[in-house]
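The listed protein sequences correspond, in order, to chains Y and Z.
Under the numbering used here, think of the first position of the first sequence as 10, with each following residue one higher.
Under the numbering used here, think of the first position of the second sequence as 10, with each following residue one higher.
Treat the hints with care, as some may be off.
Which copy? The list can't say, so a pair holds if one copy fits it or any two copies do.
Claimed, not checked - DSSO-like cross-link-like pairs, simulated, lysine-lysine; straight-line CA separation at most 27 Å:
id	residue 1	residue 2
1	54	509
2	558	460
3	509	34
4	74	169
Simulated from the structure, these hints should not be mistaken for laboratory data.
So you can see what is in the structure, the chains are spelled out below.
Protein chains: 2
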Amino acid sequence: MTTILNQHEDYRQAEEAYDFPLIIKQLLNRAKIASSDQTISYANKVTYTYAEFFKRINRLANVLKNTGLQPGDVVAVMDWDSHRYLEAYFAVPMSGMILQTVNIRLSEDKVLYTINHAKPKALLLNAEFAPMIKDHRDDAPSIEHVIWVDDAEGTKEDMKEEMPDYVEGEYETMLAAASDVFDFPDFDENTIATTFYTSGTTGDPKGVFFTHRQIVLQTMASTLASALNTEGQGARYNDVYMPMTPLFHVHAWCWPYGATMIGLKQVYPGRYVPEVLVDLIEQHKVTLSHGVPTILQMLLNEMATRGRKFEGLKLLVGGSKLSEGLAKSAIESGIEFMSGFGMSESCPVLARMAFGDKRDDLTPTEQINYRCLSGSPIMLVSMEIWDENGKPQPMDGESTGELVIRAPWLTQSYFKNPEAGNELWRGGWMHTQDIACITSDGTLSITDRLKDVIKSGGEWISSLEVETILSFHPSVADVAVIGVPDERWGERPLALVVLKPEYIDTKAEDILALGHQAAEKGHLPKYGVPSEIKFLVEMPKTSVGKLDKKKMRIMCSEKSI
Amino acid sequence: MTTILNQHEDYRQAEEAYDFPLIIKQLLNRAKIASSDQTISYANKVTYTYAEFFKRINRLANVLKNTGLQPGDVVAVMDWDSHRYLEAYFAVPMSGMILQTVNIRLSEDKVLYTINHAKPKALLLNAEFAPMIKDHRDDAPSIEHVIWVDDAEGTKEDMKEEMPDYVEGEYETMLAAASDVFDFPDFDENTIATTFYTSGTTGDPKGVFFTHRQIVLQTMASTLASALNTEGQGARYNDVYMPMTPLFHVHAWCWPYGATMIGLKQVYPGRYVPEVLVDLIEQHKVTLSHGVPTILQMLLNEMATRGRKFEGLKLLVGGSKLSEGLAKSAIESGIEFMSGFGMSESCPVLARMAFGDKRDDLTPTEQINYRCLSGSPIMLVSMEIWDENGKPQPMDGESTGELVIRAPWLTQSYFKNPEAGNELWRGGWMHTQDIACITSDGTLSITDRLKDVIKSGGEWISSLEVETILSFHPSVADVAVIGVPDERWGERPLALVVLKPEYIDTKAEDILALGHQAAEKGHLPKYGVPSEIKFLVEMPKTSVGKLDKKKMRIMCSEKSI
């Protein structure tokens, strides 16, 4: 970065000019003026106006401040998608604190690991997840303050009795007691706003972190990329928004920030139960949402059960590749979906389907195919396809290589893990570990994956971790876990096992039992237990004796074993 | 601005991470991958692909560099809207130089004033404007290099003969001779990218200036605000874009940047001749444009002459208030227009009509009324209405006061004019000098103007300047010039004159003749000559003896004199 080129005297700022930082507070500017009467709902439990929402953000900031928390402190949230979560999305970073969105789908071990790694001083805890943090004084000693939320029916007295004694107070009670006036300060836009964890190849989740500036820019670019889509397919001022990517998951793709910035009517669905989601979509006339293909499948099943169709629900899809069968069903059921591509490391959106007139001359089948690809780079995103020597490959729809990226919203490292950060960032580009090709008109297609992980229902599973657990079975000589395509979950783990000669009669269930035990004990998420075991006589290996997972994936997808 | 809050060790950037500056270069990222085959046309003279456009940007950067220009140098452009202008929009600031977009509609005096104030070292000069800079060595001594462009039919030899001897070379010849490879560096996003001049109340135009960051953010927010509009009214990936706000005019509202960022098909129309504009709209199937109400009126007249209608042309309107009659005609003629509000000082867009479901229940007349207002604040823009003591007024659709603003893209002062800059920025807010009210749903309505200027056809006229010229007539005792609503031009200057008793028989034409002479000599733009003179016996004054222009405007709009 060269120094400033022409900031001389003549261009000096006026004495009282306002230096506008790109901080999350500014995302509220438009909504404060244009949407004070618009509503935000939490399922069918709560509905209030933006005017009330702004007051509650102020109240929450006062609660945090009164508790003694300081700018720079980490505040963790364990909740379903609620209006409270949205309030924390704003109040925590706007107070200069760091919001940790805890992935409550991970195994208990991992949840505790992420909390003990990020060291939050406060935790906003939904009663349903209380068992996960056990006795936090011993198991998560950084947490000094626990704020309790409980959606269960009952009186406040009931709730008080149920609250563990370590709890500081109940969310609504504390908010009600706090002032609704808080003067959020301006500060450096490069201040860290959020952190969360992503599972990788090796055992421990890795922390990513994002600044205020990064979130503002991702929010602007991602909403823009969606809005530019052709009639019936883009985000609009008159949309009703509801997330179906959890708020603990990469900022729900920054759409809660985007929807609030635009001032849309919003609905937060709580826990994702297909019947509830579809009920809310129908009752609130939801028009804009997002989710992984697994969610799309659930919606389609539920609506099929009801014998009805969606009325042009716009669904941003990402997280896993959409299958053509699912795509076809979605269109037939009245869902307009827009594929995309992103990562935890990228805030997340990098590419989004751009539907314009270039697609008019495609046949219906070609359209479906196109819709299942990962879209094209959104505004400001730079992409290259590199071969093993770091040489950019042509964008001809055929040449493949590792996808490397630049954008203004990429995590700048991994939290307290500079080695992994330096591995992520090489030569000034972020390495996605995805193998991809790009067509001459900019359509991205992910063809393979360098990292040895499996994505099931939008969540990562470490192959290595599952292999380690299964290898404890006395009959296993060699084991490899790979992801195989699955209509419902995107991918599911499949274990390939070579048995020791003396245990040749071992049954698959016996080996899988180890996986189930690990899940029960909280060492592995339930979705990490392989759906199936295939027995092999010999394990495919590369010329240097490593497991040849590429070959295995081809073998299994071709159903040749 | 407080210091960074939580940039400690743990969040340190990876060694080879890329620090992404918001510089104009990055606006090309998406188009480079997704739109290399898309086309850009200059009227019916030139059509080339984005791939060629990128090469020509590189060539132009090499031309500038080979000429000996340095980062920080000012490069001025005097051209009609052409592919060359678009190339300069990118190549000049991407080279770290400052693009001066010269307003060729100003009087010759003023054009020279702006050049001698900004002191460009190079000038890209369309032959048609050569008379304006006269002998630049004497009249505009800062200019060391003149690059010649000429669209006239004829051979290169003809052109060479016509070129003044001070010309360095002809644009196409120089581009052809330069390499199409140029490695644009990264630099600080707060580097100044552009400068241009705005006419104010007092005589001399004032220079505003914008950084790379400001232009990138305005481009993102302004395109987003347009794209979110409901079906048939928003910017889309499949639009064909053509500017009808000149490229010398507040970056043509940053749409050339936006259209290129998205990768749209683009058409540049050259000089704005109504028949040519409509021909181009029909031939190229233009779907997205922008302009002042005067341009809209021209389009409607031309299309009426042809006995045809537009097919849903989306037109972003701004610069002056749209009259309801014009709005109605536009809708009837198949133009979907979206009003907005902006200023030279604000890059420019601050507000834009947001058309969503809130408008569904309006009657057609109410819709027309709503469409003539100035829209609501676009993303990130903060607005307040202040009374004379700087106290924010309620947004109730009734309380009026001065509109003050904050946004990430406001000029931070006036160029070499810190006093005026400090007047613009008071108390951390930019003072628009517009009197406005805002409804509870965020719709802005400009009701009056504090500054004593008139806007005719999108260009400012200084009342004071016209008053000074007319006051030279020996029969004039007192003169005041005000703007009166005009169907075609938005406003036109009207002169109110009190004659000296001894010259009571003087005719309006005699006094106006002074205005026409000033225009001929290049001291006043032609549109600055009042359309009419009204004679008064006494001039309305305030209690402190100042001209009471507010009263005059009411008198004249009520046609009570």
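_Hint numbers contradicted by this structure_ = 1, 3
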